[in-house]
Structures are given as C-alpha cells and as structure tokens.
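Chemist: Heads up: the sequence lines are chains A and B, in that order.
Numbering that gives the first Met the number 0 puts the first residue of the first sequence at 0, with every later residue one more than the last.
Numbering that gives the first Met the number 0 puts the first residue of the second sequence at 0, with every later residue one more than the last.
Source of the hints: derived by calculation from the structure; they are not laboratory data.
Think of the CB as a built atom: it goes at the ideal place given N, C-alpha and C, for glycine as much as any other residue.
Some hints could be false.
[To be verified] Only some residues are given here: those of chain B computed to face chain A with a beta carbon under 7 Å:
| # | residue |
| --- | --- |
| 1 | 111 |
| 2 | 112 |
| 3 | 267 |
| 4 | 411 |
| 5 | 415 |
| 6 | 421 |
[Stated by the list, open to error] Which stretches of chain A does chain B cover? Using the computed rule of at least three CB atoms under 8 Å from a CB of chain B, they are:
| # | region |
| --- | --- |
| 7 | 96-103 |
| 8 | 185-199 |
| 9 | 269-280 |
| 10 | 298-308 |
[To be verified] Far from chain A by the CB rule (all over 12 Å, computed), these chain B residues:
| # | residue |
| --- | --- |
| 11 | 122 |
| 12 | 244 |
| 13 | 268 |
| 14 | 302 |
| 15 | 308 |
| 16 | 380 |
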Amino acid sequence: MTHTVTVDKPLASAAAGAGGLSPMRTEQRKKKVSWRERLEVIGFTVPALVVYVAFVFVPIGYALIMSLFDGSPVAPFQNFVGVDNFTRIFNPTQMLGQPFFWDAVRNNLLIAVMSLLLQGPLALGVALLLSRKIKFRQVFRLLIFVPYVLSEVITGVIFAQILNPTGALNALITDITGADAAVRTAWLGYQGGVGSPSFWILMGVLTWKYIGLAIILFLAGLSGIPEELTEAAMVDGASWWQIQRKITIPLLSPTIRMWAFLSLIGSFQLFDMVWILFGPTQLSRQGLHTMATYMVSQGMNANRVGYGSAVAVVLFVMTLIVALLYQKFILHRDIGKDA
Amino acid sequence: MVAAVALFAAGCGNGGDADTAATPETTDTAAAAGDSVEITWWHNGTGEPLLSFWEGVASDFEAANDGVTVNVQAFQNEDLRDTILPNAFTGGNAPDLFQSWGGGELVDWVNQGIVKDISDAAADTVAAIGGNAGGWQVDGKTYGLPFTFGPSGFWVNTEVWEAAGLDAGSFPTTLDELEAAWTAIAESGKSPVALGGQDGWPVGHWWYWSAIKTCSQAALEAASSNHDFSDECWVKAGENLQGILTSVDGGVPFNQGWEATSAQQGATSASGLVVTGEAAMQLMGVWDIGVMGGIYNEANNLPEDTLPPAFLSWFPFPNIPGGAGDGNVMGGGDGFSVHADAPDAAVDLLAFILSDDVQKAYAAMDNIPTNPNAFDSIPEGSINTTVVQALEQADYVQLWLDTAFGPAIATPMNDAITAFIGGQGTPQDVVDAITNAAG
Numbered sequence: 000m001t002h003t004v005t006v007d008k009p010l011a012s013a014a015a016g017a018g019g020l021s022p023m024r025t026e027q028r029k030k031k032v033s034w035r036e037r038l039e040v041i042g043f044t045v046p047a048l049v050v051y052v053a054f055v056f057v058p059i060g061y062a063l064i065m066s067l068f069d070g071s072p073v074a075p076f077q078n079f080v081g082v083d084n085f086t087r088i089f090n091p092t093q094m095l096g097q098p099f100f101w102d103a104v105r106n107n108l109l110i111a112v113m114s115l116l117l118q119g120p121l122a123l124g125v126a127l128l129l130s131r132k133i134k135f136r137q138v139f140r141l142l143i144f145v146p147y148v149l150s151e152v153i154t155g156v157i158f159a160q161i162l163n164p165t166g167a168l169n170a171l172i173t174d175i176t177g178a179d180a181a182v183r184t185a186w187l188g189y190q191g192g193v194g195s196p197s198f199w200i201l202m203g204v205l206t207w208k209y210i211g212l213a214i215i216l217f218l219a220g221l222s223g224i225p226e227e228l229t230e231a232a233m234v235d236g237a238s239w240w241q242i243q244r245k246i247t248i249p250l251l252s253p254t255i256r257m258w259a260f261l262s263l264i265g266s267f268q269l270f271d272m273v274w275i276l277f278g279p280t281q282l283s284r285q286g287l288h289t290m291a292t293y294m295v296s297q298g299m300n301a302n303r304v305g306y307g308s309a310v311a312v313v314l315f316v317m318t319l320i321v322a323l324l325y326q327k328f329i330l331h332r333d334i335g336k337d338a
Numbered sequence: 000m001v002a003a004v005a006l007f008a009a010g011c012g013n014g015g016d017a018d019t020a021a022t023p024e025t026t027d028t029a030a031a032a033g034d035s036v037e038i039t040w041w042h043n044g045t046g047e048p049l050l051s052f053w054e055g056v057a058s059d060f061e062a063a064n065d066g067v068t069v070n071v072q073a074f075q076n077e078d079l080r081d082t083i084l085p086n087a088f089t090g091g092n093a094p095d096l097f098q099s100w101g102g103g104e105l106v107d108w109v110n111q112g113i114v115k116d117i118s119d120a121a122a123d124t125v126a127a128i129g130g131n132a133g134g135w136q137v138d139g140k141t142y143g144l145p146f147t148f149g150p151s152g153f154w155v156n157t158e159v160w161e162a163a164g165l166d167a168g169s170f171p172t173t174l175d176e177l178e179a180a181w182t183a184i185a186e187s188g189k190s191p192v193a194l195g196g197q198d199g200w201p202v203g204h205w206w207y208w209s210a211i212k213t214c215s216q217a218a219l220e221a222a223s224s225n226h227d228f229s230d231e232c233w234v235k236a237g238e239n240l241q242g243i244l245t246s247v248d249g250g251v252p253f254n255q256g257w258e259a260t261s262a263q264q265g266a267t268s269a270s271g272l273v274v275t276g277e278a279a280m281q282l283m284g285v286w287d288i289g290v291m292g293g294i295y296n297e298a299n300n301l302p303e304d305t306l307p308p309a310f311l312s313w314f315p316f317p318n319i320p321g322g323a324g325d326g327n328v329m330g331g332g333d334g335f336s337v338h339a340d341a342p343d344a345a346v347d348l349l350a351f352i353l354s355d356d357v358q359k360a361y362a363a364m365d366n367i368p369t370n371p372n373a374f375d376s377i378p379e380g381s382i383n384t385t386v387v388q389a390l391e392q393a394d395y396v397q398l399w400l401d402t403a404f405g406p407a408i409a410t411p412m413n414d415a416i417t418a419f420i421g422g423q424g425t426p427q428d429v430v431d432a433i434t435n436a437a438g
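With the hints as constraints, model all of the structure from the sequences given.
Modeler: Shown next as structure tokens:
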C-alpha cells in the first residue's frame, strides 16, 4: 500500500504538469482581450471551421436527408419514405443470403473487445521487453512497427494471397505434412460468423497489423516514467513484477486508455481489410459483415442510397455515443480535468 | 495490334476521301449550332489498344465533320459507373456520349430523363445492330447501343481436357455429356470447373444459365421488364441447378475452396486455375480469354502482348432437358448512350462508332462487334469466330440477369445464389430473396 501512496503523488503532479500553468495564462488573457487577438483567433479558426463544416457537418446532414428517401445514385432524393429505412434496419425481413445490420453490429463489438483483449496484454508485454536495454532494440522496434505503416489494402491483399486455397499457407502445410493431394483449405471461406475459424483468422491479421501502434504508444509512455521511481522501489526491495504492477502500469494507464480509445474507434470503422480479405458477397454468406462493409454493400453496391444513408446515420450515432461515454467515464481523467 | 490500328487509320483515310456522303449531315449540325460543336465522350477503355482506338475514332469523326470537336476521356470502369457518371448526372456536368451498360441501370437513367431516345435519330444503326441492342431498349425505344456483345460459355483448357482422356475435337453438346466429362476430369485428379466464388457474380452466372435454359423467352422478358418472377421456371431453375451441381460424385464440380477464390485476379484466381492447368474449365464471358492470356504471359514471363495460348477453347452451355429455353443464350456487352441534352452530333458520333468501317476495324483487333457486317473481320482462326456463331444461332439473347434486373436486385440475388450453392436455403428461398429485393 505504501507503494501506491508514494506513486500516486508524482502521477498527479505529472499529469497536472502541462496543465498546471494554464490557469494562470488564461487569467492573464481574460484581462485584456484585444481586437488583434480576436482577429487572430478568427483568422486561425475560420479556415479550419469552414473545412470542418463543409466536409463533416454538411455530409452528415446530407446523409440524414438522403436516409428519408428511397433513392438511386442518379436521383438520391426521389420517393420520400420517411423513417421506413430506419424501420428496416431495426426490423429486417429475413431473406436467404441477406446480411443483417445487427449481425454487423455484433461483429464490430466483438472485434472491438477482442482487439483490446488480444492486443493490449501482448503489446504491453512486448513494450516492457523492448523498454529494457537489450541488443538490437532499435531494430526490433522498427520491425514491430512495419506492419502498421503498411496500407490496409496492401496488408489485405498480402494475406488474401497467403490464405488463398492455392496460396502459400496451404503449400507450406502440404510440404510439412507430406500429404498426397495438395491441401486446398479455404481459410477465409468458413461459414458461421464470429464462431468460425475465418473470424479468428481475421482477428489474427488485425492483431498483426495494429499491434505495432499499441507497442509504440506504450514504449513512448514507458519512456516518460522517471527511472528514479523504479530505482527507489528496487532499493525498497520490490520485485520486478511488483514494480511493473504497482508503478509502471499505473503510470502508463493514461497511454493505455488513449490507445484503447483509438482502438475502439478503429474497430468501429473497420472496412478495408475485411472487404479485401473476404469480398462483399462472401461477407454476406459468412455473416462476417462489419457495420462499414454492410453500409457500403447496401448503399453503393446494391444502389440502395437511402437505406445505406440510414445505416450511415445509425453508425454515426452509435460511434458518437460510444465516444462520448468513453470520454465521460474513462478519458476524463486524462484530458477532461480543466474542461 | 499496331497493324490493326494502322489498318483502321488507312480505312478511315478512304472514308475521309469519300467525304461527300457525310457532308450534308455535318453542315446541318454545324449550321444549326451557328459555328462549332463540342462533344464530350467518356468511355471505359483505359487500356491499350482500346484507348488509342477510341482516340483514333474521335479524330476521324472530327476530320469528317467540320466544326465538331470531340473531347474523349477514359475512366476506370467501376469508378465511371459507380461514382463519376452518377455525380456528373446529378451535378449537371454530364458528358454527351458515355459508357452505358444497359439493363436495370439504364431503366433508372431513362426514368430520370438522363438519356436520349435515339430510335428515330439513329434508326438505320438501330436496325443494323438488331437483337444485340435489346439490353439498351426500354419499352420498345432505344436509349443506347452496344459496340460489342458476347455470350458466356465454358472456356476450356484442352490440355487438362485431353489428359482426362477426353476428345478436344468434340465438346459436350448435352448436359449428360458435360457431366460425364466432369466425372472423367475429376477422376484424372483435376478440378472439373473453376469458380471464383469470392466475387459473387461468377456464382450467380451458374444460376442465371440454369434459368436461361429453364425459362421461356416470355418468362425472361417479364422478369426483365416488370420484375415478374411468378413463373414456376424460376424455382425450377434452382432445382435444375442442384441436379447439375450434384452430378459429380463427392459434391460440386468446383475447385476446392471456391468460396474464397477470386474470379480473375492472378494465378490463384479461377481464371488462373484454368490457364495453369489446375482446373479444366470456367463458365465465363468472352473477356476471359484475355484475362487468362494475361495471367499466362505473366506466369511465363512472356511479353504483355503475346496472344493467348492456343490450348484454350470454348463451348456453349448445353440445353437442359425439359427446359423451355433451348434457343436462349445469355451474354453482355459494352455500349454507349447519348445524354438527353447532347447536340445531334453526339448521336452521329454513336452512329459512326457503329458504322461498318469502325466496327470492322474493331473486330480486326479480335473483338466481337455488334454490327453483323463486321463479323467477318474477326481474324481467321480466332476463338471469337466460334463464340460469335453461338450468338448468331440463338433464338433469343438475354442480357446478364444481374445487369438486366439492376443493382438493387443483383446484389441480394447474387448473395442468395452464393448462399444457395454454398448449401444454404432452397430454390424457393432464392426466388423469394429476388422478389423481396424487387419490392
């Protein structure tokens, strides 16, 4: 218990470190806000605001209006149907081969949770290892970050080729097992949604792709933890595990929370990788659509512009709610103090 | 290919000399506009030799028509179809002449008043193209014309075929013969049929063909124009397909893992499996020979413009016993439509594209033209001469069902068929999914 007490104080002051000076500054500013300063504020914010409104708010409004129509790409505002599109999302007719929005929502939630559970501990472990002074540390750090730098499309194509029925993985298995007939497993073709091997293969590819970001963030966080703390703990006789558990991880928690937030948002937006690995038709058959692939396959491929927009609106609202809840209950500790 | 373009240029040089024939029309257009006319033409021929070919056509048209300027631009097919054209239509900067895929999409354009009815303005050309133009006609009026049209059928690797002890001189003409061939190929250790299930539509084509051969012309027309699927043949099509696909011992005749195989991207795709000798055949449109040739050249480090290997051959989908569609053939093509607000010169340009000279030059590049006068210009010995025969002998030519029904039906239809062939649902469920999507 003594550890936590001694640790919490530097944490609090470190967290307040950057913000600690700001109240004074704002007070000074309040005293004399000149026209020049106002012009500066306007001059700097207006261009960004214009871009933000034009490319974020206007499209959201546009999608909202389109979602009330049953339009086509060349005539998005024909056949006003009111909230019918939304009713269809929440109350779908079951048809052979037709994907369901709620399946996509479930897939997204599971991908989000599994990404946190798989990547978090793994990344933390690797980061702790790489923060120690080992040989070729820089090389390892670089290699681990490489998949994250690769574009999603390239990664998708590479893994689609490897996992293809006539791809490298099956060739390797054929060689190792010495099977008479070449192995032709369709790794990405399993039916059965999130329970199928294909889903877990997807999770594997996602982990390979994104764990680099988590590791780099954690390494950056670790480098910000003063060495004096661990040294002091060692003098007090704390074991390596105790130091990690009671000093390093608590001090790393703002970074972990920020990473989890990024990971969550990324999981909700997941599109490219899934689209390329499976293709829209098989996603429907396998029940592996994400909300974004569902939206595009309905709105763009099937030309159901209105329905696709309705899905986009629901997706936006859901992401917004998750983001706000996360900020209110979890991130506020890190960024919400002054707000 | 260079020779073909040069040949074409020479052919048109002659046309330019005989300018007098074209002059009266030209002066009409030019005079009406006061001085000069500018036409914008968007097409999907981003690759050679088509890119240079269309540019040549545009400049020949300019040369033959004083005061007419043609701005040609090529766009990638899916970009053009899904984004660029719809945006141009709604944004009011639409081109005068543009790529048009026919079917349900064109019906939507017609309903929005986007495309021009050219039935009268290009009456002679419409008559010359005949039945091939069916997919570009709505309620008896013509809203575009295809410059190429080909049926799909079985593309065969005759080396695999013969290795299974089959005769490449006589391809199956009945379903029984086809199924016997599949069994022989399966016993030889190869996949009888390659299928690119990841892409959806190649799976759809199996069900389409079953429907084409099961349904009567009347039933097909009712489905295309009114989305009427009440005829029993649509359910029967699924049952017949089940019969066809279970004819080989041990299940479907497809390559193992067809669900996760792409249609035509690289050596691991369905087209790749056929040309590399892993599978014997693929049910695919006429472009497949080009795709397979490309994969073959890449795999063997041959120059890009090497002709497709000679061991590839083609035969049509056989009739289904008891079906009502013996004379029916399914195919698709590429065409152009004229914008409703386009000047008359745009219609003239379309007629020029489909004129004997241009179509002959197009056919000479080993393409299938739509103008019957140009059929003879397909190079001798080309497999396309066999393919075009199937089209000429057909009683009724149906546009690809997904194109004919439009994207709103096509996606759920292909999804349902893929699930069906994957072992889910019943023939009735497929028809239900289609009727549900038709609304």
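Chemist: Check the structure against each numbered hint from earlier and tell me which ones fail, lowest number first.
Modeler: 2, 13
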